[in-house]
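*Asks:* Below, each chain spelled out in residue letters.
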Amino acid sequence: MLSYIIKRTLTAILLSVAVASIVFLALYLVPGDPAEVLLSTGGVEPPAEAVNALRVKLGLDQPVLWQYFAFLGDLLKADLGQSFSNGEAVLDTILVRLPRTLELIFAATVISLIVGIPSGMIAAMRQGETIDRVLSFVASIAMSLPIFVIGTAMVYVFAQKFRLVPAGGYVAFSQDPAQHLLLLLMPSIAISIGFSATIFRMSRATVAAVLTKDWVRTARSKGISERQVMIWHIVRNALGPVATVVGLQMGNLLGGSVLVEYVFNWPGLSGYLVTAIENRDYPGVRGTVLVVASLFIFINLVVDMIYMILDPRVRS
Amino acid sequence: MTEFQRSNLLLSRRVFLAASGATLGTLMVPHALRAQDVNVLKYALSAYPPGLDPFRHEGAAANAVKLQIFRGLLGLDAEGKVASELAEKWEETGTDYTFHIRKNAVFQNGEPVTAADVIWSIEQITKEGSTAYFVEDLKVISKMTAIDDKTVKITLSAPTPAFTKLLATPYVPILSAEAGMEKPVGVGPYKIAASEEGVSIDFEAFEGYYKEGYPKSKKLKMIAYKDESLRVAALESGDVDIIEYVPWQSMGKVENERNLVLQETTGPNMVINFNVEQAPFNDARVRQAVAYAIKREDIVAAAFYGRGKPLFGLPLDENSEVASDKTKNLWSYDPEKARALIKEAGVEGQTVKLLSSSTYSMHQDTSLVVQQHLNAIGLVVELDLPEWGARVAQGNKGQYQFAINGTSTAINDPDGLTAMIGSGAATYKRSFGYSNPKLDELLTEGRHEMDLAKRKATYEAVAEVVQQDVPLCPLTFRTQGFGLRKTVQGFHTLVGSSSGYTGFGLEDVVLG
Numbered sequence: 001m002l003s004y005i006i007k008r009t010l011t012a013i014l015l016s017v018a019v020a021s022i023v024f025l026a027l028y029l030v031p032g033d034p035a036e037v038l039l040s041t042g043g044v045e046p047p048a049e050a051v052n053a054l055r056v057k058l059g060l061d062q063p064v065l066w067q068y069f070a071f072l073g074d075l076l077k078a079d080l081g082q083s084f085s086n087g088e089a090v091l092d093t094i095l096v097r098l099p100r101t102l103e104l105i106f107a108a109t110v111i112s113l114i115v116g117i118p119s120g121m122i123a124a125m126r127q128g129e130t131i132d133r134v135l136s137f138v139a140s141i142a143m144s145l146p147i148f149v150i151g152t153a154m155v156y157v158f159a160q161k162f163r164l165v166p167a168g169g170y171v172a173f174s175q176d177p178a179q180h181l182l183l184l185l186m187p188s189i190a191i192s193i194g195f196s197a198t199i200f201r202m203s204r205a206t207v208a209a210v211l212t213k214d215w216v217r218t219a220r221s222k223g224i225s226e227r228q229v230m231i232w233h234i235v236r237n238a239l240g241p242v243a244t245v246v247g248l249q250m251g252n253l254l255g256g257s258v259l260v261e262y263v264f265n266w267p268g269l270s271g272y273l274v275t276a277i278e279n280r281d282y283p284g285v286r287g288t289v290l291v292v293a294s295l296f297i298f299i300n301l302v303v304d305m306i307y308m309i310l311d312p313r314v315r316s
Numbered sequence: 317m318t319e320f321q322r323s324n325l326l327l328s329r330r331v332f333l334a335a336s337g338a339t340l341g342t343l344m345v346p347h348a349l350r351a352q353d354v355n356v357l358k359y360a361l362s363a364y365p366p367g368l369d370p371f372r373h374e375g376a377a378a379n380a381v382k383l384q385i386f387r388g389l390l391g392l393d394a395e396g397k398v399a400s401e402l403a404e405k406w407e408e409t410g411t412d413y414t415f416h417i418r419k420n421a422v423f424q425n426g427e428p429v430t431a432a433d434v435i436w437s438i439e440q441i442t443k444e445g446s447t448a449y450f451v452e453d454l455k456v457i458s459k460m461t462a463i464d465d466k467t468v469k470i471t472l473s474a475p476t477p478a479f480t481k482l483l484a485t486p487y488v489p490i491l492s493a494e495a496g497m498e499k500p501v502g503v504g505p506y507k508i509a510a511s512e513e514g515v516s517i518d519f520e521a522f523e524g525y526y527k528e529g530y531p532k533s534k535k536l537k538m539i540a541y542k543d544e545s546l547r548v549a550a551l552e553s554g555d556v557d558i559i560e561y562v563p564w565q566s567m568g569k570v571e572n573e574r575n576l577v578l579q580e581t582t583g584p585n586m587v588i589n590f591n592v593e594q595a596p597f598n599d600a601r602v603r604q605a606v607a608y609a610i611k612r613e614d615i616v617a618a619a620f621y622g623r624g625k626p627l628f629g630l631p632l633d634e635n636s637e638v639a640s641d642k643t644k645n646l647w648s649y650d651p652e653k654a655r656a657l658i659k660e661a662g663v664e665g666q667t668v669k670l671l672s673s674s675t676y677s678m679h680q681d682t683s684l685v686v687q688q689h690l691n692a693i694g695l696v697v698e699l700d701l702p703e704w705g706a707r708v709a710q711g712n713k714g715q716y717q718f719a720i721n722g723t724s725t726a727i728n729d730p731d732g733l734t735a736m737i738g739s740g741a742a743t744y745k746r747s748f749g750y751s752n753p754k755l756d757e758l759l760t761e762g763r764h765e766m767d768l769a770k771r772k773a774t775y776e777a778v779a780e781v782v783q784q785d786v787p788l789c790p791l792t793f794r795t796q797g798f799g800l801r802k803t804v805q806g807f808h809t810l811v812g813s814s815s816g817y818t819g820f821g822l823e824d825v826v827l828g
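Residue numbers (this note's numbering), protein chains in the order written: chain A, 1 to 316; chain B, 317 to 828.
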């Protein structure tokens, strides 16, 4: 198992470097000069002299290959470079932004698991009955609703109509824990509406499949209590594919929660990535993509391990 | 039913009561949490400032922040007139300006402001390798002398009526020479007390501010709301007191709401630029046809929800000192004339590509209206709608036939026209390849003319050339709006090109 983990980790590192290189080169293919874009924010005309000076300051006057090796050299020192916009270390900004996104994803995942798995199980056990039909119907609606529609509707209803919560925003946990959690509530619920529907469908399908297995019938006929059959024979065997889906979805959310972040003004990593792309802040884009890709690879590694724990056959 | 299912689904009365109680309890908590601190003035920015370099242009949101921590020699009053800031008074004699620094002016680190600081700060703008917004404009300064500790004499190489207006912007702050550029220290009414990356900036009043009793609100919080609908929602629900850039579609709603006030002024304008190095827009008749073909009212209605005005003249501020009927009415909506011009130029039925951008709906919607009107006079218009960064790059390189642009000048001065229609380096703000010696001569004359009557005449002459040669086609003014809660007192939106500098007046604002 250890050699498997080492092998997977090495592959992960190689993959990250490959991702970094591709992103680096791809950015140079995107039209738009960073110095020009930065100095013409809001559509003003930047003086040519300032644009040239900024280009020199940012090192953009150097040959691309030289910039590439400088970037790789910095990467070895765990330095993601300085933002073109404000000169601050990209890594510092990411370290501020990433926990916010992780927190959002984590909260959304917990809610989705709590809602998705039990309802999936119930639907599977009552296949074809009214409760199954209702749940499946609700799930298909939840899955097809775009997140910006859910988000905007939630802001309208809960913030503007009933004034229960602020219209989005962020307060640090250290500053005001209650307000922090309150602000976390809406975006995480918005994400979990679609997410729990996905989990619901996955667990409904897998539990339904497991229910028909011989060993379940055997377990029941041995006289084991239904609760134990459920936990040790059904759920354990059914959760493998669910874990994979949850892992992939969490990875997607790392770079893909931008709409939620936008609608609820949640200052996470996706929002930073989009602003960095708009501003042609190359170090910001490179750093974020690299971190997201590495995390994605890492999450998949963890999912594989959970798989191993759930299913002994994978271990060998 | 199996035992497991029963145990799970059975809902006893006790559980039901506990669950409902908990739900109700959770719903009540937020109400308590929403109680707002009335001593803090809350201002919604349209973006989190990308940076806070004192001299660089970093967008309107950054200007709003910088104006609170940095100030220059001059500023703008509620009417948008040049007013005293660090300089309590100043004298102008031809090319010589003498500024008297307020005796009580100190930097936020407690050091007094001296003539040497003023000179050092301005030198940072014009020095080699500077990325300042005014790096070229302030090269007009030929000499700076410290007459004494609190008096500076600035000499210009040529008379420049716009000079004091340049100083009355956020781009020429006076900084402590001793503190340097690493961590710039200014003299603004507020100090930054705390900031949360990408979220908000907390300000507290700077006790040593040179204006007695200011800022009137002792605490200020600027919160970034990038999404315009959410910005409006935050105002409506009372999360913030002032929002900048009210989206046009929400202006009516803000106007009609009982607790809210809309302050709306005309701001920047929309124009069309031409690539005059290529056919067909190298022919002035075709450019004229465009100027006559477009019904500006349709753009105001479609792209700006009626929040704007047609623009048939030079793209100057509405309250520009040189504006007159002769600069305002150069063309009219006359499709017959436009059609005749197209025929005369022999380009009827020709396909032309209009560059705009899908990033901003106002650019995209404007291009759609223009397309319709030009198709109606015999051109066939295709749209090219790249993302903004790519659109700027294409504009700079001249990779377009004609293009929608939004413009405004840095200051309310007709000399801003030089950057739009004068000869100079190729940028996306200029019609590509356009150069007209007659216009250049007039614009240079206008730039250095101190006599207002003569200056007016010069720009009327500019207007005559523009009418015939159409270096750019003005389309509309668009309005700029701030949304306020009724409790906000003392807030004044500045007009036209100064609207982005409304942050000067935040020190006057109190919550009633």
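Heads up, some of the hints might be wrong.
Claimed, not checked - Straight-line Cα separation of at most 27 Å, BS3-like style, residue types lysine-lysine; simulated pairs:
1) K499/B / K161/A
2) K499/B / K57/A
3) K499/B / K397/B
4) K455/B / K57/A
Please keep in mind that the hints were generated in silico from the structure rather than gathered at the bench.
*Asks:* Hints first: check each against the structure and report whether it holds.
*Replies:* Quick rundown of the hints versus the structure:
1. Restraint check for K499/B and K161/A: not satisfied, since their Cα atoms lie roughly 45 Å apart, outside the 27 Å limit.
2. Distance check on the hinted pair: K499/B and K57/A sit about 18 Å apart at the alpha-carbon level, within 27 Å; holds.
3. Restraint check for K499/B and K397/B: not satisfied, since their Cα atoms lie roughly 31 Å apart, outside the 27 Å limit.
4. With a C-alpha separation of about 21 Å, the suggested pairing of K455/B with K57/A holds against the 27 Å cut-off.
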